[in-house]
Amino acid sequence: MLSKQDSLLNGKRDAPKARPAPLPWRNWLGVVPFFLFAFFFIALPSLTLLVGAFRDNAGKLTLQNFVGLFDPSILNAYWVTIKISLATAIGGGLLGFLMAYAVTVGKLPNSVRTSLMTFSGVASNFAGVPLAFAFIATLGRTGLVTLLLKNLLGINLYDQGFSLYSFWGLSLTYMFFQFPLMVLVITPALDGLKKDWSEAAANLGASQSLYWRKVALPILTPSILGAIILLFGNSFGAYATAYSLTGGFINLITIVIGSQIKGDIYYNPGLGYALAVGMIVVMSVMMAIYYMLRRRSERWLRK
Amino acid sequence: MRRKSFWSWVWIALGAIYFILPLYATFDFSLRAKKGVLSFLSYQNIFNDPNFWKTIEFSLVIAVFTIIASIILVVPTAYWIRLKLPQLRGMLEFISMLPFVVPAIVLVFGLIRVFSGAPFFLTNTFFGTDILLVAAYVVLALPYVFRSVDTGLASIDVVSLTEAAQSLGASWSTIMFKIIFPNLKVAILSSAFLTLATVIGEYTIASFMVGIKAFGPYMSLIGQNRTYESSSLAIISFMVTWGFMGLIQLFSRGKADSSSLSGAR
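Those protein sequences? They're chains A and B, same order as listed.
Going by the working numbering, the first residue of the first sequence is number 1, and it counts up by one from there.
Going by the working numbering, the first residue of the second sequence is number 1001, and it counts up by one from there.
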């Protein structure tokens, strides 16, 4: 021991290290539990679905399951899901943006802002069964608004072709958690608009609308697009609200996947896997675009 | 200036109506169980239903285990990565955002396919199914648990604190329980309440794994048979969510932001 230290000190003229460096692999032990959990409960289920999607009932390699995705009723389910997701992402995005605008740029009292943020936190988490009940009590056949319109204005919504249990009804219901989500996501971006910019624009003689068209909106565009994509994904993958509102009688991708899990209608495990994989692919593309846009928007939001 | 704030009020009012009207309608409906008079009969019926208490107890217990499991899993890992393996931080963030890519309905599908057969057979026993349910909820909670813990860790100097503690002779468990956890109190409490708010009424995963043992599927069952009682359940569930979110506000002093996001359910 001594001689080794001597040789280090005298031979190489290097000071001995105060402490021996810990073995590097030891550090990696600390993260094993988390990565094991992620492997078993996220990666393994997803991989199982992926592998299953390329196999037929006998376990042989096939692409037949993906051909099944082009069945008219499945295509229709995709179409309805995309329509609802688009409608609620744009509708919810617009209302959410305007509300966030009102409490940030619009200079409403701070108390309004605080209550808006609290309520958005609640409402964006108020999805699923109770939300369906709330909308049945509002716009169902004997709902409050339905009856009000009938008794006061003589409009019978259900005679006009409206039904809570179809496209428009479901979209209105989804909006309840979509626009608060938009408020939560877009408020930080609106906060990032610096006062200097609008003042500088005003000093150069720009009107408010010119400032918005040439400065604020271009800066906000990636944030807004990113938020809308997030909203799109949020309703694309939603199951609980749609199922409890319609009892499963609406042709959405998530509902079709649900019935494949239960194994009731036209049971075909391979198709179920392919549907699930298709969903993961769509969501991955959405999230990838979201992250790209977020990176762009962060350039401007840096302090 | 006047005109600007006029429109601001218009948008806020529009959103407020969208928010309040369904809740008002639900509340109004829930009071009409007795013909001709307003009464709290439907609430009484719910509170007198032993299944209401049984399912809510079950979901509460599951939520508590979810909170404990996700904190044990995320806090030490995030701390360790900040301290020793900063190169893994991006990967940790990526994993914790995966629930955005794998919606609940797909997650439950995969979990059932993996764990109902060989070699795990978790769904053969009630205990095994409950464990699987907790694991699924830990995954659902990952995005916001990670984000709030990560923000919490960023606001303290992990390396200096650890070195100071070590030079005073503190063991790893002392560092964890006396330094890291107390410093992350706000992050842990707010993600705990968010987990409570989302897990208690969760439907998608619970309905496939445990059925009407859980509160979400119980609500759904009531909705199929009892009109007025379902409205009172919606009000109760809303007040529970509101209560937990209010507690979060209390702890984080009104800083609600996008860190409360989670994947599609």
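Derived from the structure by calculation, the hints contain no laboratory data.
As the structure is a computational prediction, the values presented were derived from the model and not from experiment.
Just to be clear, a hint being listed does not mean it is correct.
To be verified - Keeping only pairs whose Cα atoms sit at most 25 Å apart, straight-line, the calculated BS3-like set for lysine-lysine is:
hint : chain 1 : residue 1 : chain 2 : residue 2
1    : A       : K60       : A       : K262
2    : B       : K1084     : A       : K150
3    : A       : K262      : B       : K1213
4    : B       : K1213     : B       : K1084
5    : A       : K194      : A       : K107
6    : A       : K194      : A       : K214
7    : A       : K107      : A       : K214
8    : A       : K107      : A       : K83
9    : B       : K1034     : A       : K150
What the hints assert, rightly or not - Ranges of calculated distance between the beta carbons of each label pair, as one might list FRET restraints:
hint : chain 1 : residue 1 : chain 2 : residue 2 : range
10   : B       : N1048     : A       : K194      : 41 to 49 Å
11   : B       : G1211     : A       : V145      : 53 to 61 Å
12   : B       : P1119     : A       : T221      : 28 to 36 Å
13   : B       : P1182     : A       : A202      : 44 to 52 Å
14   : A       : F249      : B       : P1182     : 46 to 54 Å
15   : B       : N1124     : A       : V145      : 20 to 28 Å
Glycine is no exception: its CB is placed at the ideal position from the N, C-alpha and C atoms.
Cross-check of the supplied hints:
1. K60(A) with K262(A): Distance of about 24 Å is within 25 Å: holds.
2. K1084(B) with K150(A): Outside the cut-off at roughly 67 Å; violated.
3. K262(A) with K1213(B): Cα-Cα ~17 Å, so holds.
4. K1213(B) with K1084(B): 43 Å, violated
5. K194(A) with K107(A): Holds. K194(A) to K107(A) sits at ~14 Å (cutoff 25 Å).
6. K194(A) with K214(A): Given that 25 Å is the threshold and the Cα spacing comes to 14 Å, the pair holds.
7. K107(A) with K214(A): 21 Å, holds
8. K107(A) with K83(A): Roughly 35 Å separates the two Cα atoms, so the pair is violated.
9. K1034(B) with K150(A): Distance of about 23 Å is within 25 Å: holds.
10. N1048(B) with K194(A): 41 to 49 Å: 58 Å, violated
11. G1211(B) with V145(A): 53 to 61 Å: At roughly 33 Å between Cβ atoms, V145(A) and G1211(B) fall outside 53 to 61 Å, so the hint is violated.
12. P1119(B) with T221(A): 28 to 36 Å: 51 Å, violated
13. P1182(B) with A202(A): 44 to 52 Å: For P1182(B) and A202(A) the Cβ distance comes to about 48 Å; the hint holds.
14. F249(A) with P1182(B): 46 to 54 Å: 52 Å, holds
15. N1124(B) with V145(A): 20 to 28 Å: Given about 48 Å between the Cβ atoms, the range is violated.
Hints 2, 4, 8, 10, 11, 12 and 15, counting from the list given before, are not met by this structure.
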